[in-house]
Structure formats: structure tokens, C-alpha cells
Amino acid sequence: MIELKGIHKVYQKKNTEVQALKGVDLSIDKGDIFGVIGYSGAGKSTLVRLVNYLERPSQGQVIVDGAYLGNQSPHALRQIKKQIGMIFQHFNLLESKTIFKNVAMPLILAKKSKQEIRSRVLELLQFVGLEDKASNYPSELSGGQKQRVGIARALASNPKILLCDEATSALDPQTTQSILSLLQRVNKKYGITIMIITHEMSVIQKICNKVAVMEEGRVIEEGSVLDVFGHPEHETSHKFVQTVMNTDIPSRIKEQLRQQGTHSLTKLEMVGEHATQPILSTLIQRFDLKVSAVFTNMIDIQNTTLAIWYLDIQGDTRNKERALSYLKQNDVLVKEVTV
Amino acid sequence: MFDTSITLDQFIEAIGDTLYMVGMSLLIGTIFGSILGIVIVFTRRGGILAFPMVYSTLNVIINIIRSVPFIILMVSITPFTRVIAGTSIGTNAAIVPLIIFITPFIARLVENSLLEVGSGIVEAAESMGATPLQIIWHFILPEAFGSLILSLATATISLIGASAMAGAVGGGGVGDIAILYGYHRYDSFAIISTIIVLIIFVQFIQSAGNHLARLVRRR
Chain X
1 MIELKGIHKV YQKKNTEVQA LKGVDLSIDK GDIFGVIGYS GAGKSTLVRL VNYLERPSQG
61 QVIVDGAYLG NQSPHALRQI KKQIGMIFQH FNLLESKTIF KNVAMPLILA KKSKQEIRSR
121 VLELLQFVGL EDKASNYPSE LSGGQKQRVG IARALASNPK ILLCDEATSA LDPQTTQSIL
181 SLLQRVNKKY GITIMIITHE MSVIQKICNK VAVMEEGRVI EEGSVLDVFG HPEHETSHKF
241 VQTVMNTDIP SRIKEQLRQQ GTHSLTKLEM VGEHATQPIL STLIQRFDLK VSAVFTNMID
301 IQNTTLAIWY LDIQGDTRNK ERALSYLKQN DVLVKEVTV
Chain F
1 MFDTSITLDQ FIEAIGDTLY MVGMSLLIGT IFGSILGIVI VFTRRGGILA FPMVYSTLNV
61 IINIIRSVPF IILMVSITPF TRVIAGTSIG TNAAIVPLII FITPFIARLV ENSLLEVGSG
121 IVEAAESMGA TPLQIIWHFI LPEAFGSLIL SLATATISLI GASAMAGAVG GGGVGDIAIL
181 YGYHRYDSFA IISTIIVLII FVQFIQSAGN HLARLVRRR
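Quick note, the sequences are listed as chains X and F, same order. Numbering-wise (the numbering used here), the first sequence opens with residue 1 and increments by one. Numbering-wise (the numbering used here), the second sequence opens with residue 1 and increments by one.
Chain X on its own, in the form it takes in the complex (with noise of 0.2 angstroms):
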């Protein structure tokens, strides 16, 4: 749906040039929820407004639903763009016009009728949960209230992708997860492909299928999001997944391991049903091993359970091995660790 292929993005800058992308490759599929984190300066907005041509690649290639942005004429660039629709984290509403009006707003641009607007607009106020704000000013509502008039905005001219750019940095913890079940419900109810800037992991962990981890204008992780959490590669992406899930051993625990002469633990990392097998009874009943649970996480990534577990296991090295092995073939990643 969306591809970047060898983006650069050069910004001029008085006499000095900052290079905001260098060289970013991303692909996204119809119906995905891609989220794209980073700290601030890393890029991501740059790269969200490449994707609906608010910025033009330096170099590179922008190729949204089969169609080469960089060679369209401004015209065909307007209709490829009603495709798109987006919100941003200050909402960008106009405070001028009611409710009503700020969501008609890509119909009017359209010149579609009176009655045409009238009856979308009221379907996508009731969609968003505010049918009753119709002739309100933005002024009037809350911030979770504005971003839902946004959302109702950017769906307007029915479009097949969505791009949020810190959609609910501006909002508190309480009316962000409302935001991000609404979204889920775009997702789901239309079919629209969702493309998600955030500096929060509890955004990616409650929405996204897929993540990309940037830093200093590149791509330095990708996949699904189940992944990312289980086993992040990169430093940083380990940083962001640390936000929302503790999974490193405390050095309290640790230090208490090191005085009872425990060097290293077995750690587990189960998804889904898998997670909630009976592995501790098993590996003690059946392997007549000493286990012992030393540090454990859960947590819940769209309705999956991500497990990891670290066990201190004592036995016959022959018994560990084989109960190692029988937790492998039952889809536990499985992998020894110093303290």
C-alpha cells in the first residue's frame, strides 16, 4: 500500500544542511496498523508527510497504492492525496467553523451536494460519538473530543490510508486509549491501512501489528510488533520496549542471585496460548527438576499474551537438556543468560 524505497531528505538551513532521512526503506501492507517510533529529531515526521507529499523526498521513491508520487502533476498529486487522510497531535481543526463544517470540509473541497455531505457527515459524527457536537465550535470540546472531530475529517473522502502524526501526544493517558480503540475500529470496520507516528511504546503495544524503530534519520529495526517486544535488537528499540514491559532482571535480584553463587538463568519467551501453558508444573513433574521462577513479565500486545520468564532450573544436566528441548518443540524461544 505504502512503499519508501531509498528515501533521502536534505533540509537547507541557512548555509548548513541537515539531513533529516538517510536512506529509509519501508513497506507497508494493505490493513496494517505500522507504527513508526522514535525520540524527537529521528525523522518520523519527516517520514509521515513524505507518504501524502507535505514533503518531498530529497531522493528516493514514494509509491503510495501503485502510484509513483514523484512524477504526478499537481493535479493528479490532489486527487492521489483525498486517498490519504491525516491527524495531527494539535488537531489542526478550524476554530472559525462549527463541528459540522470542519468535517464537510474535504466533501466541500469535493463540491459534493448539500444532501450528500449532510447525511456522510452525520454517519461520521455518530461513528466518532459525536452527533450531538454538530453546530459546537472546536473550542467548546475537550482534546480527546477534537481529535475524534479529526479522525471524522480525515474519513470523509473515504480514504484508504490514514496517517496519524502524534495523534495522542496531546491527550492523557484515559482519552489516548480511547483515541486508539477508535482507531482500531477505522482499522477494522473500514478496511483503512493505518500509519502511526508516536514516541510512545504503549501506543505500538496497544494498536500496531507491525513496528519500525528510528534513529537519527533511519530505519534501525523492523517487524511485528510481537517481536520487537520479545526479543528487540537494537539498543534503542530495547530502550522502547523497556517503557512498557519491564524485562531486564533487577540488579537488586541480580546481586541476590550472585551471593547464592547463581551465574546464569534460562529465560523464556512464550506467545499467546503457549504463554499460558502449565511449563512450570510440567518441567517439574515430568523432568524432576528444581525450577524456580526469578523474574517474570506478561503482557498484552492486541490480545496476544507475550510471556518472559527467567528460571533458575537445578537437576540432572541430562534431564535439563531434555526438558530444554521439549520446551523448544513446544514453540518457547529459549536461551541461557549470565546474571
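Don't read these hints as lab results, they were simulated from the structure. You may find that some hints are simply not true.
What follows is a set of in silico ranges between Cβ atoms, one per label pair, in the way DEER data are often shown [claimed, not checked]:
1. N297/X with F51/F: 35 to 45 angstroms
2. W137/F with S169/X: 42 to 52 angstroms
3. S76/F with Q12/X: 39 to 49 angstroms
4. H75/X with F80/F: 35 to 45 angstroms
5. H75/X with S76/F: 39 to 49 angstroms
6. T16/X with G86/F: 55 to 65 angstroms
7. V244/X with L133/F: 15 to 25 angstroms
8. H75/X with G86/F: 39 to 49 angstroms
9. S27/X with F51/F: 12 to 22 angstroms
10. G46/F with H8/X: 14 to 24 angstroms
Distance condition first, Cα-Cα at most 25 angstroms in a straight line; then the derived DMTMM-like pairs of lysine to aspartate or glutamate [to be verified]:
11. K97/X with E123/F
12. K13/X with E123/F
13. K112/X with E116/F
14. K5/X with D227/X
15. K160/X with E123/F
16. K335/X with D248/X
17. K13/X with E116/F
18. K13/X with E3/X
19. K5/X with E215/X
20. K97/X with E123/X
21. K111/X with E123/F
22. K82/X with E123/F
23. K13/X with E216/X
24. K82/X with E95/X
25. K101/X with E123/F
26. K328/X with D248/X
27. K97/X with E116/F
28. K14/X with E116/F
29. K101/X with E116/F
30. K188/X with D32/X
31. K14/X with E123/F
32. K267/X with D312/X
33. K22/X with E116/F
34. K101/X with E123/X
35. K328/X with D316/X
Think of the CB as a built atom: it goes at the ideal place given N, C-alpha and C, for glycine as much as any other residue.
Go by the hints and put chain F onto chain X.
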């Protein structure tokens, strides 16, 4: 009761002349000034239709006209005024320099008002695939409307001041009364009544501007 030589009819006629001069030059100046203001917002670096050459040229022209005090501007363009209005004295002749004076002023005020509209609004409009004309008409102008009304109030007050100077070269209006009777004939009543009328005008315009701006702003 007052030791004055002006009659009520003369005074009312002068007020009418002032309103006529201000009204006409405001109308025409607003049309030209708004267009000019929109063009310089569009063509500036980073604008919707960035065209730095056009922008810098207009920018310099606006600055040049605005550097000349109205009374000097008025006398220096007399030949031009004669071509346009057919005469260089009287109310109609005064309108020509008033328009030239107020157009770049309004252009600057419009520029400021439009630039107040956040870049986020423009970005939202562009993301919807709006054309440059749609961006100005459906997004920037409505959002800047309150600020534009206040700008127009400022411009109108400026014009009233300038129109009084037009009186000095036979332009008519209340300024004419103040100079002709008040200054040259030591008629204090003429001066004071002129001042009172001007104060009432300005108060009225500013309050009306504030009120209207509040109505459309809704923030």
C-alpha cells in the same frame, strides 16, 4: 453663544466629505491591499506558491510607499492625481493619494493577519488535497477573519487621520474646517468641534471592530 464663523450646514457637509473620502479610499484600498497582502503571503519563502522574486519586489515597493509621510506623498503625486481624477483639488482628488497611502498599509495588516493562521491549518488543508485558492478561501480567510476585521478598523482610523491632512490641500472634510477656520482664523470652536467629531468616529470604529471580531472569532 460661540464666537465662530462656520455654520452647521458647512460642518455637516464637511463630515459628509470626510466619510466619503474615507469610505471610498477604504473600499478601493481594501480590495487592492487584500490582494497584495494575499500575494505576498503566498509568494514568500516557504509560502504555498513560493516565488521569492515576486515577494521581494512587492515587499520593497510596499516599504517605499510606506516610508513617505502622507502629506508629502499627497503633494508629490499631484500630476498623477490630475491624470486619474481630472483635477488635483477637491474631495475626489484627495481619494487618489488616500488609496495609494492605504493600500500598502492594508497589505501589511492583511499579511500579518494571514500569517497568524497556524501552519498546521495550511498543512491540514494541503493534506486534504485543497487547491491554493481553496486553501485561502476555505481555510486561511475564515480563520483570519476576526483579525482582518481588527486590521480594517486600524486602517480606517489611519485613513481618517490622513483624510484630515487632505484638507490642507483643499480636499474638504473636517480637516479642512480645522485648518481653514480653526488655524488660519483662530476659530477655536472649529478646532474643538473637529476634534470631538474625530474622537467619536475613532471610538465608534474601534468598538465596532472589536465587537465584530469577537463575534466571528468564537474562541
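Taking the hints in turn, this is what the structure says about them:
1. Here the CB-CB span from N297/X to F51/F is close to 58 angstroms, at odds with the stated 35 to 45 angstroms.
2. The hinted range of 42 to 52 angstroms is not satisfied by W137/F and S169/X, whose Cβ atoms lie roughly 31 angstroms apart.
3. In this structure the supplied range 39 to 49 angstroms holds for S76/F paired with Q12/X, their Cβ-Cβ distance being about 42 angstroms.
4. Evaluation of the 35 to 45 angstroms hint for H75/X and F80/F yields a pass: the beta carbon distance comes to about 42 angstroms.
5. The beta-carbon spacing between H75/X and S76/F, approximately 47 angstroms, falls within the hinted interval of 39 to 49 angstroms.
6. Here the CB-CB span from T16/X to G86/F is close to 58 angstroms, well matched to the stated 55 to 65 angstroms.
7. At roughly 46 angstroms, the beta carbons of V244/X and L133/F sit outside the given window of 15 to 25 angstroms.
8. Checked against the hint of 39 to 49 angstroms, the C-beta distance between H75/X and G86/F comes to roughly 47 angstroms, which is consistent with it.
9. The beta-carbon spacing between S27/X and F51/F, approximately 37 angstroms, falls outside the hinted interval of 12 to 22 angstroms.
10. Roughly 21 angstroms separates the CB atoms of G46/F and H8/X, a value that falls within the hinted 14 to 24 angstroms.
11. Distance check on the hinted pair: K97/X and E123/F sit about 17 angstroms apart at the alpha-carbon level, within 25 angstroms; holds.
12. Proposed proximity of K13/X and E123/F is supported: the alpha carbons are some 20 angstroms apart, at most 25 angstroms.
13. At most 25 angstroms may separate the alpha-carbon atoms for a hinted pair to count; K112/X and E116/F exceed this at roughly 30 angstroms.
14. Distance restraint check for K5/X and D227/X: the Cα-Cα separation of roughly 23 angstroms lies within the 25 angstroms cut-off, and the hinted pair is therefore satisfied.
15. Of the pairs offered as hints, the one joining K160/X and E123/F holds, with about 19 angstroms between alpha carbons and a cut-off of 25 angstroms not exceeded.
16. Proximity of K335/X to D248/X is assessed by CA-CA distance (about 14 angstroms); at most 25 angstroms being required, the pair is judged to hold.
17. With a C-alpha separation of about 23 angstroms, the suggested pair K13/X and E116/F falls inside the 25 angstroms cut-off, and the hint holds.
18. Restraint check for K13/X and E3/X: not satisfied, since their Cα atoms lie roughly 28 angstroms apart, outside the 25 angstroms limit.
19. For the proposed pair K5/X and E215/X, the alpha carbon gap of about 17 angstroms is at most 25 angstroms, so the pair holds.
20. About 19 angstroms separates the Cα atoms of K97/X and E123/X, which keeps this hinted pair within 25 angstroms; it holds.
21. A hinted pair counts as satisfied when its Cα atoms are at most 25 angstroms apart, and K111/X with E123/F qualifies at roughly 20 angstroms.
22. In summary, the hint linking K82/X to E123/F is supported, as the alpha carbons are separated by about 13 angstroms, within the 25 angstroms threshold.
23. With a C-alpha separation of about 18 angstroms, the suggested pair K13/X and E216/X falls inside the 25 angstroms cut-off, and the hint holds.
24. For the hint linking K82/X to E95/X, the alpha-carbon distance of about 22 angstroms falls within 25 angstroms, and the restraint holds.
25. A C-alpha spacing of about 18 angstroms is found between K101/X and E123/F, which places the hinted pair at or below 25 angstroms, so the restraint holds.
26. For the hint pairing K328/X with D248/X, the CA-to-CA distance comes to about 22 angstroms; that is within 25 angstroms, so the pair holds.
27. Restraint check for K97/X and E116/F: the C-alpha separation of about 17 angstroms stays at or below 25 angstroms, so the hint holds.
28. Between the alpha carbons of K14/X and E116/F the distance comes to roughly 24 angstroms, so the proposed pair stays at or under 25 angstroms and holds.
29. In summary, the hint linking K101/X to E116/F is supported, as the alpha carbons are separated by about 21 angstroms, within the 25 angstroms threshold.
30. Between K188/X and D32/X, the direct Cα distance comes to roughly 10 angstroms. Compliance with the 25 angstroms bound is thereby established for this hinted pair.
31. Between the alpha carbons of K14/X and E123/F the distance comes to roughly 23 angstroms, so the proposed pair stays at or under 25 angstroms and holds.
32. Between the alpha carbons of K267/X and D312/X the distance comes to roughly 9 angstroms, so the proposed pair stays at or under 25 angstroms and holds.
33. With a C-alpha separation of about 33 angstroms, the suggested pair K22/X and E116/F falls outside the 25 angstroms cut-off, and the hint is violated.
34. With a C-alpha separation of about 14 angstroms, the suggested pair K101/X and E123/X falls inside the 25 angstroms cut-off, and the hint holds.
35. Restraint check for K328/X and D316/X: the C-alpha separation of about 19 angstroms stays at or below 25 angstroms, so the hint holds.
In summary, the structure is inconsistent with hints 1, 2, 7, 9, 13, 18, 33 from the numbered list given earlier, while agreeing with the others.
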